[in-house]
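A.B. asks: These are the residues of each chain, in order.
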Amino acid sequence: MRMTSVRPLRPTPSRDTPALHLRAMDNLAFIRNTMEAAGAFTAVSGWGMVAIGVLAIIVASVAAEQKTATAALSIWLALAVLSPAIMIWAMVQKARAAKMPLLSGPGRKFVLSFSPPMAVGALLTLVLFRAGLMEAIPGVWLLLYGTAVVAGGAFSVKIVPVMGLCFMAAGVVALFAPVMWAPFILGAAFGGLHIGFGIPIARRHGG
Amino acid sequence: MAKNGAARDDARPQGALKGSAVRRSPAKKADELDRLIHERLRLGIVSALAVNDSLSFSDLKKLMSTTDGNLSVHARKLEEAEYIACTKSFEGRMPKTQYRLTAAGRRALERYLDHMEALIRATRDR
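Top to bottom, those sequences are chains C and D.
When the first sequence is numbered by the numbering used here, its final residue is 207 and no position is left out of the sequence of numbers.
When the second sequence is numbered by the numbering used here, its final residue is 126 and no position is left out of the sequence of numbers.
Chain C on its own, in the form it takes in the complex (with noise of 0.2 Å):
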C-alpha cells in the first residue's frame, strides 16, 4: 500500500531568518551610527536631563534643611538610585521615537564608558563616609560624574562631552572652595547644567 507524502501544517522556519534578522539589526545600527556620526542625533535625552536638573534642584533645597550631613546626603543618594532610572527610561523613548535600537553602537560605547566612573563614585562615597570626610563628597562625585559624562560623550555628539567638563569643573570648585559651598554647588552644577544642556540637546538632537 502506498501512502501519500504528509506536509506539515506549519512548515519549518527557513533558514534565512537568522540572517535577515541580524542584518535588519545590522542596517538599523548604521543608520543610528551614521546619525550619531553626521553630528545632530545622540542617544542622550535632553529631556530626561532636564527632568533629572528638576528634582536635583527640588532635591538640593530639601537637603539643605536637613539638620545632618548624613540627612542630606541618603536625600542625595536617593537622587542619584532616581536619576539613572529616568535617564534609562527618556533614553528609550528617544530612542524608540527615532526607530533605533538603544544598544547599538554608540549607544553601547556610551554605557561602557560611562558605568566606571559611576561605580568608582558610590566606592569612593562608601569611604569617604566611613573616614568621616563628609564635606568632599559633592566635589568627589561631580568631578566623577563629569569624567563619566566626558568617557562616555566621546561618541556621542560634541555638547555631551563639553557639559561632562563643566560638571568636573564645578567639582573642582567644590572640592576647593569653603566647605560651606559644596552643598550649594552640588545643587547649581546638578540642577542648573542639566536644564542647561538637556534643551538645546533635546532640541537639536532628536529629543
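Mixed in with the good hints there might be a few duds.
[As the list claims (entries may be wrong)] Taking CB as the label site, the calculated pair distances span:
1) Ala-122/C <-> Glu-110/D: 37 to 43 Å
2) Cys-86/D <-> Pro-84/C: 56 to 62 Å
3) Ala-169/C <-> Arg-111/D: 43 to 49 Å
[Claimed, not checked] 27 Å max Cα-Cα, derived DSS-like pairs, lysine-lysine:
4) Lys-62/D <-> Lys-109/C
5) Lys-61/D <-> Lys-158/C
6) Lys-158/C <-> Lys-96/D
None of these hints come from the bench; they were simulated from the model.
All C-beta atoms in this analysis are idealised placements derived from N, C-alpha and C, irrespective of residue type, glycine included.
Fit chain D to the given chain C structure using the hints.
C.D. replies: Frame of chain C; chain D shown alone:
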C-alpha cells in the same frame, strides 16, 4: 479547478491578499525593500541628510569615508530618484555642492525603517 484557483492566487500581487502583511515571510518582505537606499553608501547619505538641513559634498565624503567618484555616482542615483536635491554654488572661486533630503527621500527612509522593524518583528514572532 483547485489548481486553477491556486494559479490565480499566485498571480495576484501579494499586497492585494487579505492579511498579506501577516502571511508574508521575512524573505518576501526583504525582497520588497527599496533597493535604491538599501545600498550602504546611499543609506548613509540619506541617514546623514535626515538629521541635517543640508550637507556639502566634502562633509558627506568625510562622513562616509569614501572617494569623490564613489560618492558622486551614488549621490547622482539618489538625485535621479528625487530622494535628494543638489545645489551648486561658488564660495569665492571654489565650487560648492550642497545636498539636502527631499520629502520623497524622507518618506523613503521612513518606509525603509518600517521595513527593518517589520522584519525584526516578523522573525521574533516566529
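A.B. asks: State for each hint whether it applies.
C.D. replies: Each hint, compared with the structure:
Distance hint check for Ala-122/C and Glu-110/D: the Cβ-Cβ separation is about 42 Å, which falls inside the suggested range of 37 to 43 Å. Distance hint for Cys-86/D and Pro-84/C: a CB-CB separation of about 45 Å, inconsistent with the stated range 56 to 62 Å. Our hint of 43 to 49 Å for Ala-169/C and Arg-111/D holds, since their Cβ atoms are close to 46 Å apart. Between Lys-62/D and Lys-109/C, the direct Cα distance comes to roughly 22 Å. Compliance with the 27 Å bound is thereby established for this hinted pair.
Taking the CA atoms of Lys-61/D and Lys-158/C, the gap is about 20 Å. The hint holds against a cut of 27 Å. Taking the CA atoms of Lys-158/C and Lys-96/D, the gap is near 25 Å; set against the 27 Å cutoff, the hint holds.
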